[in-house]
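**Q** Protein chains in written order, with the working numbering: chain U, 1 to 297; chain G, 1 to 298; chain E, 1 to 326.
To be clear, the hints were calculated from the coordinates, so they are not data collected in a lab.
Mixed in with the good hints there might be a few duds.
[Stated by the list, open to error] Derived lysine-lysine pairs resembling DSSO-like cross-links, with alpha carbons at most 30 Å apart:
#1 G/K23 - U/K135
#2 U/K135 - U/K230
#3 U/K178 - G/K23
[As the list claims (entries may be wrong)] If we take Cβ atoms under 7 Å as the criterion, some of the chain U residues that face chain E in the derived model are:
#4 I117
#5 R120
#6 R121
#7 M125
#8 N131
#9 F133
#10 P134
#11 Y143
#12 G144
#13 I147
#14 V200
#15 R259
Please read these numbers as outputs of a predicted model, since none were measured by experiment.
Where is the CB? At the ideal position from N, CA and C, for every residue including glycine.
The chain contents come next:
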Amino acid sequence: MEQPEQNVVTQTEPQTELPRAAALQDTRPSDVPDSPGASVFDAKNVSCYYGSFRAVTDVSLTIYQNEITAFIGPSGCGKTTVLRTLNRMNDLIPGAHVEGDVHYRGESLYAKDVSPIAVRRRIGMVFQKPNPFPKSIYDNVAYGPRINGQRNKGELDEIVEKSLRGAALWDEVKDRLKNSGLSLSGGQAQRLCIARTLAVEPDVVLMDEPCSALDPIATGAIEDLMREIKQRYTIVIVTHNMQQATRVSDRTAFYSVLRNEESDTRTGVLVEYGRTQQIFGDPQDTRTQAYVTGRMG
Amino acid sequence: MTATAVSGQAPDLREPKGWRSTKNRIMTVLMVTSFVLVIIPLGFVLFTVIAKGASIISWQFLTGSPIPPNVLPAGIGGMWPAILGTIEITALATVMAVPLGILGAIYLNEYGGKGWLAALIGFMSDVMTGVPSIVMGLFIFSIWVLHFGYSGLAGAFALGCLMLPVVIRSSYEMLRLVPDSLREGAYALGATKARVTVTVVLPAAIGGIVSGSLLAVARAAGETAPLLFTILTVTEANTNVFSGANTSLPSQIFSNASQPYTGAQDRGWGAALTLIVICFVLMIVARFVTARFTRYSR
Amino acid sequence: MSTAVKADPAVPAGSASPLSTRRPLGDRGFQILALASGLLVLVILVLIAVSTSQQASSWFSAEGLKIFTNNWDPATNQFGALAFIYGTAITAVIAIIMAVPVSVGIALLLNEVVPYRWSRPIVYVVDLLAVVPSVVWGLWGILVFAPWIQHIYASIASGVKGVPVLDALFGSPTSGASFFTAGIILAFMITPIVTSLSREVIATVPQIDREGAYALGATRWEMITGAVWPHSQGGVVGAVLLGLGRAMGETIAAALVIGASPVITSHLFAPGYNMPAVIANQFGEASGEFRAALMGLGVLLFVFTIIINVLARGVVERSARRKRGA
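Construct the complete structure from the given sequences, taking the supplied hints into account.
**A** Right under this line is the structure:
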């Protein structure tokens with residue numbers, strides 16, 4: 001990987017001691033296995049284009065099973081773009097295409113005969129702004145199983161309850177499942193969207209800044225949820241909140257922006273990737289260091 | 001049917017088999033079919049009109065006068081009275097409806113604000129676009145023709161009533177798109193509201209307003225029903241649009257369509273082609289104006 | 001039509017009302033002129049109602065409720081109009097049944113399937129459909145389409161002879177100029193307006209809802225039924241109502257191809273009549289109570305279409321407001 005000529009980071013004089021992010025106290029080292037589990041995603045030299053504009057360049061990393069991996073970095077660094085390549089959501093944008101390869105459990109995601117529908121069934125996504133359908137709470141959660149052929153009312157009831165419990169929403173809505181999904185508060189609606197995603201029993205859950213539209217209490221509830229469900233799922237979360245990354249994630253990938261002077265464009269690049277404790281406590285790259293200590297971003 | 005992979009087993013990422021993808025494909029085909037179902041009759045009509053009408057069209061046809069009796073074959077006489085009638089009646093209707101429509105839209109957007117009256121007028125204007133054209137004809141018959149007789153003017157009133165709500169609606173949409181910053185700049189220079197509206201807002205929206213009005217004119221030119229009881233179809237050209245019965249292309253087509261004589265039917269096709277060309281030209285000019293002269297669009 | 005909220009910078013601060021005499025005369029005159037033009041809409045609508053009802057009053061008083069009987073015979077001064085009301089309803093319903101799936105299909109095609117670059121030509125074609133004048137549809141309808149479809153009607157009729165429900169609907173008598181033909185031609189004519197309104201409604205569905213459905217592994221059709229349709233069903237209903245109103249009032253094409261036969265029959269391929277058609281065809285020679293009767297049909301038509309249009313606009317407004325509020 002070539003050294004970038006110029007990036008958006010401004011170097012200041014180094015301090016004698018890195019200020020310790022207070023949130024680091026929240027990570028419990030014992031939670032992170034020293035040797036990672038199976039590899040779920042294997043990205044090699046992935047570059048993402050919108051038309052001829054290169055949004056992200058040359059990303060290579062591996063996401064491990066049953067871990068929470070966080071993508072952090074300043075705005076415009078492509079972390080959401082990379083996230084969306086993992087479940088082929090960028091296909092929905094005309095002119096978007098991907099170079100390099102992403103393997104999901106050994107299978108290439110972008111091979112010719114791969115169906116994006118099958119991909120998204122296994123790799124679900126929760127969005128920044130909660131987007132419940134204008135249907136009842138029950139129908140929101142049942143939507144996924146229904147389109148996969150589940151018609152039996154009894155089984156649907158079970159799936160709905162299980163998913164709502166899994167999203168820590170069941171107790172709050174069990175008496176009003178017929179109410180519209182639009183009637184829920186922000187935090188509840190986001191948990192509904194999570195329940196909806198869990199209902200199709202995916203392998204991976206991708207989250208694109210899921211708490212940025214929520215208040216701190218709702219945020220805390222979602223973070224608790226993430227820690228609970230990571231035993232059964234693999235989670236990748238994009239967040240601009242560093243404290244959140246230190247609170248929930250096992251591994252962190254830090255992205256930054258490369259500025260191309262001639263064409264005045266910005267391209268995202270993966271700077272550093274490792275265990276969260278190491279990224280925040282002992283960052284190897286100066287850009288990472290500057291970001292996590294709050295000097296930029 | 002869990003998706004979590006058992007270790008060692010590669011996931012199947014191929015197309016979901018069976019009903020789901022088939023249904024998706026069927027629906028896409030149906031959607032395309034619905035478009036095809038629209039092209040077919042359109043193509044058919046245009047093709048027939050052009051094929052049958054082109055052989056009738058000639059300088060004689062377009063400028064000859066009077067319109068011959070139905071038994072006579074094409075080639076004798078011509079459609080000039082109808083063409084003249086269409087032009088003068090539609091022009092008169094336009095001159096009445098467009099300025100009033102623009103003023104109405106100005107009221108709604110610039111003066112009406114959130115008041116109940118503006119909301120009512122806006123709502124009823126939209127409702128008025130749905131009033132059948134024949135009702136407009138009956139209305140003008142009751143209120144004008146019974147007292148003053150048939151004339152091109154009566155027909156123009158009826159067409160004008162049809163055009164008015166359409167012009168109001170399209171002009172209103174165009175005025176809405178003009179940004180407030182333009183108005184405020186003019187007010188800051190001490191201009192009155194009327195002056196601002198006429199000299200700043202209207203010119204900014206004029207492209208869209210003109211094209212919307214042209215489409216209203218195209219619709220009016222093709223209308224028959226309002227003219228049935230107001231102009232009384234005749235066969236001689238009438239240059240005085242304000243008095244005396246008149247005729248128009250749609251009126252002639254209507255009366256010729258139910259005739260058994262081939263001469264009359266031929267003339268009907270020729271008139272239809274002429275009419276379609278007129279409407280078509282108006283539509284193309286409207287699009288051109290939209291493309292070149294509209295500064296603010298959605 | 002929503003109206004804009006803005007403080008009016010033209011009103012001098014402290015003036016008692018927008019028409020305070022502090023403003024120059026020309027400015028006030030212009031405002032009055034604009035207001036008068038707006039009021040013209042209301043005035044015209046009221047005048048329509050009043051003048052036509054007045055002309056039709058002799059019919060209403062002579063027949064009373066008998067106008068709703070199927071007893072139309074000008075020679076003997078009988079003017080029960082049920083056949084025409086029936087014809088108007090039937091042809092409009094046929095037109096809607098055919099036009100709505102096609103129009104919604106095209107609207108979905110434009111919004112969900114076709115890449116933006118190809119949508120312009122498709123829209124042009126649909127607009128072309130709207131430019132063809134009603135009388136040209138009628139001319140083509142009676143001289144070309146009716147003779148052709150007559151054969152198809154005849155074969156269908158012989159095919160369903162004896163079959164209980166189908167024979168009642170599609171059996172003989174058949175004629176090129178008939179209820180069904182009028183319905184087809186009307187369907188062609190209302191497609192552009194239903195399509196364009198449905199398109200507008202479907203385009204307001206937020207993209208994020210579509211993404212939510214896709215993210216669950218939905219196919220495009222499943223996304224449409226799950227995320228797009230719940231948002232747009234209100235607006236589409238409004239569009240359908242507007243199409244219905246337009247179909248009911250469309251005169252000339254119907255007058256030429258409906259067959260001019262005032263009967264009430266379930267046979268859709270038989271000649272029939274409807275309100276605008278009989279007015280168009282017979283008003284010229286009518287007089288006295290006959291003329292009043294035709295005028296009265298015009299009044300009924302006016303009332304029906306006003307009601308449908310008010311309903312339609314109301315439905316569209318309400319679904320738009322709900323979306324904004326939700």
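**Q** Could you run down the list of hints and mark each one as holding or not?
**A** Hint-by-hint comparison with the structure:
At most 30 Å may separate the alpha-carbon atoms for a hinted pair to count; G/K23 and U/K135 meet this at roughly 22 Å. Between U/K135 and U/K230 the CA atoms are separated by roughly 28 Å; this keeps the pair inside 30 Å, and the hint holds. With a CA separation close to 28 Å, the supplied pair U/K178 and G/K23 stays within the 30 Å bound. Below 7 Å, beta-carbon pairs count as interface contacts, and U/I117 has one with chain E at about 5 Å; its hint therefore holds.
The criterion of a C-beta within 7 Å of any C-beta in chain E is met by U/R120, whose closest approach is roughly 4 Å, and the hint holds. Checking U/R121 against chain E: minimum C-beta separation of about 3 Å stays under 7 Å; hint holds. Checking U/M125 against chain E: minimum C-beta separation of about 4 Å stays under 7 Å; hint holds. Of the supplied interface hints, the one on U/N131 holds, with its beta-carbon coming within about 4 Å of a beta-carbon of chain E, less than 7 Å.
A distance limit of 7 Å between C-beta atoms decides the matter here; for U/F133 the minimum to chain E is near 6 Å, and the interface restraint holds. About 4 Å separates the beta-carbon of U/P134 from the nearest beta-carbon of chain E, less than 7 Å, and the hint is met. Given the 7 Å rule on beta carbons, the hint for U/Y143 holds: about 5 Å separates it from the nearest Cβ of chain E. Given the 7 Å rule on beta carbons, the hint for U/G144 holds: about 4 Å separates it from the nearest Cβ of chain E.
Evaluation of the U/I147 hint against chain E yields a held restraint, the C-beta minimum of about 5 Å falling below 7 Å. Nearest Cβ of chain E to the Cβ of U/V200: about 6 Å, under the 7 Å cut. The hint holds. The interface hint given for U/R259 is broken, as the beta carbon of that residue sits about 29 Å from the closest beta carbon of chain E, more than 7 Å.
Violation of the numbered hints given earlier is confined to hint 15; every other hint is satisfied by the structure.
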